[in-house]
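Q: Make a model of the complete structure from these sequences and hints.
Number of protein chains: 2
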Amino acid sequence: MATLVSPPNFCAKEDAEALRKSVKGWGTNEKAIISILGHRNAGQRKEIRAAYEQLYQEDLLKPLESELSGDFEKAVYRWTLDPADRDAVLANVAIKKSTDVYNVIIEISCIHSPEELLAVRRAYQLRYKHSVEEDLAAHTTGDIRKLLVALVTAYRYDGHEINAKLANSEADILHDAIKDKAFNHEEIIRILSTRSKTQLMATFNKYRDDQGISISKNLLEEGANDFQKALHTAIRCLNDPKKYFEKVLRNAIKRVGTDEDALTRVIVTRAERDLRDIKEVYYKKNSVPLEQAVAKDTSGDYKAFLLTLLGKED
Amino acid sequence: MATLVSPPNFCAKEDAEALRKSVKGWGTNEKAIISILGHRNAGQRKEIRAAYEQLYQEDLLKPLESELSGDFEKAVYRWTLDPADRDAVLANVAIKKSTDVYNVIIEISCIHSPEELLAVRRAYQLRYKHSVEEDLAAHTTGDIRKLLVALVTAYRYDGHEINAKLANSEADILHDAIKDKAFNHEEIIRILSTRSKTQLMATFNKYRDDQGISISKNLLEEGANDFQKALHTAIRCLNDPKKYFEKVLRNAIKRVGTDEDALTRVIVTRAERDLRDIKEVYYKKNSVPLEQAVAKDTSGDYKAFLLTLLGKED
Chain A
1 MATLVSPPNF CAKEDAEALR KSVKGWGTNE KAIISILGHR NAGQRKEIRA AYEQLYQEDL
61 LKPLESELSG DFEKAVYRWT LDPADRDAVL ANVAIKKSTD VYNVIIEISC IHSPEELLAV
121 RRAYQLRYKH SVEEDLAAHT TGDIRKLLVA LVTAYRYDGH EINAKLANSE ADILHDAIKD
181 KAFNHEEIIR ILSTRSKTQL MATFNKYRDD QGISISKNLL EEGANDFQKA LHTAIRCLND
241 PKKYFEKVLR NAIKRVGTDE DALTRVIVTR AERDLRDIKE VYYKKNSVPL EQAVAKDTSG
301 DYKAFLLTLL GKED
Chain B
315 MATLVSPPNF CAKEDAEALR KSVKGWGTNE KAIISILGHR NAGQRKEIRA AYEQLYQEDL
375 LKPLESELSG DFEKAVYRWT LDPADRDAVL ANVAIKKSTD VYNVIIEISC IHSPEELLAV
435 RRAYQLRYKH SVEEDLAAHT TGDIRKLLVA LVTAYRYDGH EINAKLANSE ADILHDAIKD
495 KAFNHEEIIR ILSTRSKTQL MATFNKYRDD QGISISKNLL EEGANDFQKA LHTAIRCLND
555 PKKYFEKVLR NAIKRVGTDE DALTRVIVTR AERDLRDIKE VYYKKNSVPL EQAVAKDTSG
615 DYKAFLLTLL GKED
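Residue numbers (our numbering), protein chains in the order written: chain A, 1 to 314; chain B, 315 to 628.
If you are wondering where the hints come from, they were derived from the structure by calculation, not from laboratory data. Backbone N, C-alpha and C define an ideal beta-carbon position, used for all residues, glycine too.
Just so you have them, the derived chain B footprint on chain A, three or more residues with Cβ under 8 Å:
hint : segment
1    : 158 to 172
2    : 190 to 197
No more than 25 Å apart at the CA atoms, straight line, and that leaves these computed lysine-lysine pairs for DSS-like:
hint : chain 1 : residue 1 : chain 2 : residue 2
3    : A       : K96       : B       : K511
4    : A       : K129      : B       : K511
5    : B       : K360      : B       : K388
A: Written out as structure tokens, the structure reads:
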């Protein structure tokens, strides 16, 4: 379930006019921007951008970028983008800066449905005139490259059939590789990057039943270099995205100084999807409501915007 | 240019009725089947199958399969399929039988446009409840697997921009790998499987200008194990599909006993696309018209059907 609160009825033209006043008037009216954009779903934001473009011959993103600043600007800008295009931007920034590249690429590859991942690949090409795998492969090396490129180019079967025999044999293959510390074993990459999510779930369950320990825990027990961490992230994203995002939020908030990039990423990308469920998991694990934790670690317009996306009533 | 001759006006229902008579009457009327299906394009065949299904509650493919036989049956059956579905069948047969797997997978991966390749991947999933990369990865190993999976999962940028600097540096990378006989070098696979076709063309041209020999010739000069052959095929398919298909036809016909599978594959898959151009290349290289060579090597209904697809007037 989503946290975003958006009105069933809205007028794109009125919103565009109100936003124009907010960015072009005497001083920027951040509150108005938050109260409009923070309450519009992807389809509505798209209509608002189109209306704004038609009225003022300018992309709404331009004044948002120039009039706002810092984490608030980044959050509003990313939120306003079309979701697939936003993921393309996130992927490109991660690849170019080589920061968080594993996490961002793995999230996009392993959490999205096959069709959603494809939409991101399309959006990436439209925006950057390259394929995402092309840029990713050119900016990474070795085993990590093999894993990430295989994951991002996957177009998994999306059906719900389970082949129990296969789950059995591939749970063994995974365990043998982990036992032998052959983490970069081609078979691990093959299985994680080609099997359907339903099939993988069955394989991971079989692994846990056979070994008495989950594959993700087993992986980390054996130490954790970058490649193992990436594998671990992929398995978590494939297996239980909500639990995974809870952990990302927890780490982002716990860190001295707060990891705003991760915080913004999770809230902006999940607000229209499953942020309500992630909030629940967060509360169970931390005994503190997510809103409260976010409010404590952030401030000003950035805080107000994140809390709005988190479903706070105005 | 295509060789297929199909009427602008046709009636799917009439065709379906005529085909019904041809397969269900006293003795099968192969000539009628050839004269109808051999003159209908993909859209028309689709309509005929739909009309047949509606009239007789049966897929037209069923009687075609049961009433026809041998190479003729295979050719008519594959021709009647929707093109993306046909490629899915070709890929699956190649993967399962491990025959011609390199050629078929590389053709589909490197000759199709990114969207066409995607359509084949979708058709494959619909038909087999697996992804093509999943089956391919499970049935191959080692370097060949790396290459084929990377090619079949590609969703290349389809634009026409060329980055000359990149072509320069990647021509060098390719040459260094070939010079060192490091054919399985990850960089070769990365470049071939991620760069756009336009960019690759520029890279191959730069290679030829720098080295005085084309990359495909250079590859074969260094000996030819299976992996090198697969690389060679991929480069030819990316670079000049018509020349590549001419060679496939030449080899299929020259072989003692004729390679009907390859012959059928090229004619059936290219008749609505560029078979006229391939015929021209064939004539230039062999001084014998392709129709004549095919007629000499085949017989009966199979021969009549292939010649019809090759554009022979009735």
